[in-house]
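Each chain is listed here by its residues.
2 protein chains.
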Amino acid sequence: MITGKNYIGNTLSATGNVRYQTFNPIENKANDPVFTEATAAEIDRAAVLARQAFSTFSKLSNRRRSEFLNCIADEIMSLDETLIKMYCAESGLPEGRAIGERGRTIGQLKSFAALVSQGDWVEATIDHGDPNRRPLAKPDLRKMYIPIGPIAVFGASNFPLAYSTAGGDTAAALAAGCPVIVKSHPMHAGTGELVASAVIKAAEKTGMPNGVFSNLNSRGIEVGKQLVSHEFIKGVGFTGSIKGGRALYDIAAQRKEPIPVFAEMGSINPVLMFPKALANRANELAKTYAHSITLGTGQFCTNPGLILGIKGEALQTFSNQLAHEILQIEPGCMLHPNIHHAYEQLKEIASTQRGTVVLANSKDQILANHAHQAVVFVPGEIFLNNPTLHQEVFGPFSLIVACEDVMQLTQIIDNLEGQLTGTIISDDNEIVHYKSAVDALERRVGRLIFNGVPTGVEVCPAMNHGGPYPASTDSRFTAVGIHSIRRWVRPISFQDWPDELLPDVLKENNPLGIIRTVDGRIEVKH
Amino acid sequence: MITGKNYIGNTLSATGNVRYQTFNPIENKANDPVFTEATAAEIDRAAVLARQAFSTFSKLSNRRRSEFLNCIADEIMSLDETLIKMYCAESGLPEGRAIGERGRTIGQLKSFAALVSQGDWVEATIDHGDPNRRPLAKPDLRKMYIPIGPIAVFGASNFPLAYSTAGGDTAAALAAGCPVIVKSHPMHAGTGELVASAVIKAAEKTGMPNGVFSNLNSRGIEVGKQLVSHEFIKGVGFTGSIKGGRALYDIAAQRKEPIPVFAEMGSINPVLMFPKALANRANELAKTYAHSITLGTGQFCTNPGLILGIKGEALQTFSNQLAHEILQIEPGCMLHPNIHHAYEQLKEIASTQRGTVVLANSKDQILANHAHQAVVFVPGEIFLNNPTLHQEVFGPFSLIVACEDVMQLTQIIDNLEGQLTGTIISDDNEIVHYKSAVDALERRVGRLIFNGVPTGVEVCPAMNHGGPYPASTDSRFTAVGIHSIRRWVRPISFQDWPDELLPDVLKENNPLGIIRTVDGRIEVKH
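Chains A and B, in that order, give the protein sequences.
With the working numbering as the guide, the letters of the first sequence map in order to residues 148 to 673.
With the working numbering as the guide, the letters of the second sequence map in order to residues 148 to 673.
No lab work stands behind these hints, which were simulated from the structure alone.
Be aware that one or more of the hints could be misleading.
Treat identical chains as interchangeable: a pair holds within one or across any two.
[Stated by the list, open to error] Heads up, simulated BS3-like pairs for lysine-lysine below, C-alpha to C-alpha not over 27 Å straight-line:
id : residue 1 : residue 2
1  : Lys654    : Lys582
2  : Lys176    : Lys654
3  : Lys348    : Lys390
4  : Lys423    : Lys654
5  : Lys176    : Lys206
6  : Lys232    : Lys434
7  : Lys582    : Lys206
8  : Lys285    : Lys434
9  : Lys152    : Lys372
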C-alpha cells in the first residue's frame, strides 16, 4: 500500500504540508495516492542518518554489502504486480516495458552484488618496501578504493526503475559503501515509494545501519537543491535534462566543499549515413530507424535525433522512406502531459526554422498525451549556422541534415556539443573516404556504433554511457556497467601499515584471493 | 640562454609589454633575465595550436608518445649545470635538492614513457557479442581510455621541476595524448623556460605536431584565468594554495562547458601520537619530527603541521623535546620574500590565538628570507573551537594539540578539513584503544602512514597523493604515480565496430599483447 510518506532512514515520515499526486497519461487523470513533500528538517534528518550510517556501512565486509544488494533485488521482485501496475499508471508505458525494465534493474543490482562479493573492484595495488634502498629506504605502500560518503540520487523521468530509486546510480553507490538518499521523481512517486519500501525491507533483513537509504518525495526543485547543498552529501547522481543537471552541478560547485556531480543529460546522438549504404539498403534502414526513433515514444537518452548524410539521391530516397515508415507506426503515449507539451513545442520550433522541410508530422487527432512522430529535413549550411537545430527534441523526432561534402560533415560534427553516442552507417569500406568525420565523431561522443542503432544500452563492463559535456558533466566516468562504481570511490594509500590492521583486500597473504597489482605485475586470483 | 619569451607551440614569442624578473632569495636580489608576460592573443594562439595538435597527437602510437617522453627526459638532462644553477637562483633551495628533484622529474617522465609504451593503461575491456541471445542479440562492445583534450598545467612554487613545466601533471597529460599548455610560475620563470626549451626540442626531434606544448609567462593571475576560460582547454592541473586552486576551479565550473580541475592544494597533515609511543621514544620522535617539519624549510604540501596527542606527561615531555630539537636546526631560506612574509604573518596569527603557548620561535637575527621554525602548543578544546588554528601555516611550523581523551581526539579529526595525509605514531598495539580516531582519520585523508613521517612522497603505482577537499578538488584521483593519467582520460566504447577499424589495443587478436579484460576475465599479456 502507498502511504505517500517519505522514508527518512527506516522511518516513514510526512511532517510537511506540500502535497501532490502523480498522473496517468493514458487515462489522462491523476492517480489516487497523495504524496507529502519532504521538509527541510526531514532532509536534514536523512543526511544526518546517512552520515552516521556511513561510518559502519563503509566498513562492512564485501559479503554483507553483497547480501544487501541481492536482497533488494528479491524484495523488488516480491512487489510483483503491484509494482508493475503502479509503474504503468505513472508512466503510460506498456506492461512489457515495465517488466523488461524491472529485469534490467534486478540485473544491475545482482551484477553489483557479484562485483562486491568478489572484491577485485577495489583495484588493490601493492608496492613492497625496500629498507636497503639508498639514499632513502623505500616505504611499503598499498592502495585501494574506498567510498566517498553519502550520495544523493535523482530519479529519471524516463526510467522509473532502472535509473531511479534502486537503479544504476543507487546500486553502484551502495556497492561502493556509500549510503544513498534518493530525491524521488515527482512523476512516479508511487513507483518510487514501492521500490524504496523494498530497499528498506532489505536493509532491515540484512542488518544494515539505519540511514543507509532514504527516499524523499518532492513536487518541485527545492528538495533537490537543499539535498545537494547539505554538507554531509559527498556526491550526486542525476539523469535528466541539461537544465536540471546543470542547476545541480552549479549548486555543488559553489559549495564551501565542492562535490562531484555525475549528471547524464541531453543528447541528440548523431547518425552518419554514408551514400553507398543508403543506396544499397534505403528501405531496410528506413524501417530500422523509424523503429529506433519511436522506441519508448522517443523518450530514450540515446534516441537518434540527428541523421547526417551527404546530399544526393540516395539521401533523398532514404529520407522519404523514413518519413513514410515512421507514419506507419502507431503514435505512443508520453510519460506525462508536461513532457508531451514540451515535445510538441520543441518540435514546432525545430520544424519552423528557416530552411527546414517537414517530411513527416501527421496532424490527425490522436489520444491525449500521445505524440505525433516527426521527421524534418534541412541543408547542412542552415544547420551549421542555427544552434537552435542542435538542441534535443525529447520525443519521437529526428532531423535529417544534407551536407555538401565530407568537409562540411566534419565541420558540423566539430561544432556539435558532446554526445552520448555516434553511429556510422557504412557499406563496402566507403568509411575510408570519411576518416576526418569519423575522427571528429570520436572526439564528441562516449560510444561509437557501427551499422546499428544507438537505442539499447547493453549493461556490461565494456559499455560506456556518458560523454563530453553536456552528454554528462564528467566524461571520465560511465553511468552504466560495473565501472560506474568509480564515480563514488576514491583511492587511499596505507604506508608501512601493520599487516593485521590492513583491510583484508590489502593483507600480504591476500586472504580474499582477489586480483591485485603487486610490484607492477597483475596477480590473478589463485 | 634565457630569452624571457613565451613558447607558443615551437615559436618563441614576446609581443606583450608586461615584464618581470625572478628573485634570488639567498642573495636577496632580482635575477637578471627579464620575462615578458603572454598576451591574450598569444594565449589564444597557444590554445588554437593545441586543439589542432590534439587531433594528430591523440592518435599517435604508444611507441611514438613514449619516445617523446623519453626524449624530454634526455633533453632536460642535457641542460645540465645551467638548469641546476637557475633552479637554485630562483628558489633559494640547495643544489642537492635541485639534483634530487631533477632525478624525480626524469623518473616520472620515464615511468610514463614505460606505461605508454606498454599500452595496458587504456584498460581495454571487451565483451563479445552474441547474435543468438533472446529477446535481443547482444552487441560486441569494446572499451578503452582516450585523452580528453588540451590540458592547462600550473607550475607549483615549491617544486620548480617535479610539479611544474615538465612535472607530473605534464608527463601524465602528454602520456595520455593530451597537448599541454603550461602557465609558468612567476617565481621560477627561468627554470620554466629552460625546461620548456627541452620539451620543445624533444617535440621537434621526435616529430610531434606543433602546439603539443606551449609555455606561457605570467606575472599575475590574468594569464591563468584566460587560459582556464578558453573553450579549447579541456582540463586543468594545479598545485598550490587553496585560494589559487579554488579560483581556477570556480572559473572552470562556471564555463559554458565546465571542465575538470585537479588542484592539489593545502594540507596540515595531522599526526596522531599515542601515549605509549611518546613515553617509549620521545627523544627519537622529537628528532625525527624536528627534521620532517623543517625539511625544505617546511615548504612541502605533506609537512606535518598538526600533532595530536592525549594530554599528559608523555605529550608534555615530547613537546618540550621537539621545541628543543627544532631550535638546533639551522634556519633555512624560503622560496621567495612573499612566501617568507606570508609565513611570518600566519605564524604570528596562529601563535597569538587565545590559549596557545609558543614552545619554540627564536627571535634571533637571521639572514634575509630565512625562516624561524616554530612549535606552538594548544589544548584540544581551544583548537576545536577556533577554525583559524586549522589553517595551513606554509613553512617550518607545527601545532601540538593536547586532547582530553579519545572522544575529543575523534571529534577534532571529524572537524578537520580534508587532508593529503594522516600519520599514526603507536607502540605495543595501543592503537586498538583509538579505533574511532583512526577510522575518522581514514575518512579525512588520502594516505595513512604508520610510525613514519608524511614528508617524502614515493612515486609508485600504490601511492595516492590527493584527498578530500581542500587537499584536492577531486579526491577520486591521485596526482602522483601512473594512475594520475586517469585525470586526463575518458572511456569510449566501440559497438560492433569492424576489427580492421578498431584501435590496435582493442583488435581481436591483441596485436600489442596488452593486458585486457575479456568477457569479465583478465587476460594477462602473452
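Hint by hint, here is what the structure shows:
Taking the closest pair of Cα atoms, Lys654 and Lys582 come within 27 Å of each other only across two copies (18 Å); inside a single copy the shortest separation is 50 Å, beyond that limit. When the C-alpha separation of Lys176 and Lys654 is checked against a cutoff of 27 Å, the pair qualifies neither within a copy, at 60 Å, nor between copies, at 54 Å. Taking CA atoms no more than 27 Å apart as the test, Lys348 paired with Lys390 passes in neither setting, with 35 Å inside one copy and 46 Å between copies. Taking the shortest alpha-carbon separations for Lys423 and Lys654, only the inter-copy value of 26 Å comes in at or below 27 Å, while the best intra-copy value is 59 Å.
Within a single copy, Lys176 and Lys206 get their C-alpha atoms no closer than 47 Å, and across copies no closer than 55 Å, so neither meets the 27 Å cut-off. For a Cα distance limit of 27 Å, the shortest separation of Lys232 from Lys434 qualifies neither inside one copy, at 31 Å, nor across copies, at 72 Å. Taking the shortest Cα distances, Lys582 and Lys206 sit within 27 Å of each other only across copies (12 Å), while inside one copy they are farther apart (50 Å). Taking the shortest alpha-carbon separations for Lys285 and Lys434, only the inter-copy value of 20 Å comes in at or below 27 Å, while the best intra-copy value is 64 Å.
Taking the shortest alpha-carbon separations for Lys152 and Lys372, only the intra-copy value of 20 Å comes in at or below 27 Å, while the best inter-copy value is 48 Å.
In terms of the numbered hints stated before, the structure departs from hints 2, 3, 5 and 6, listed from lowest to highest.
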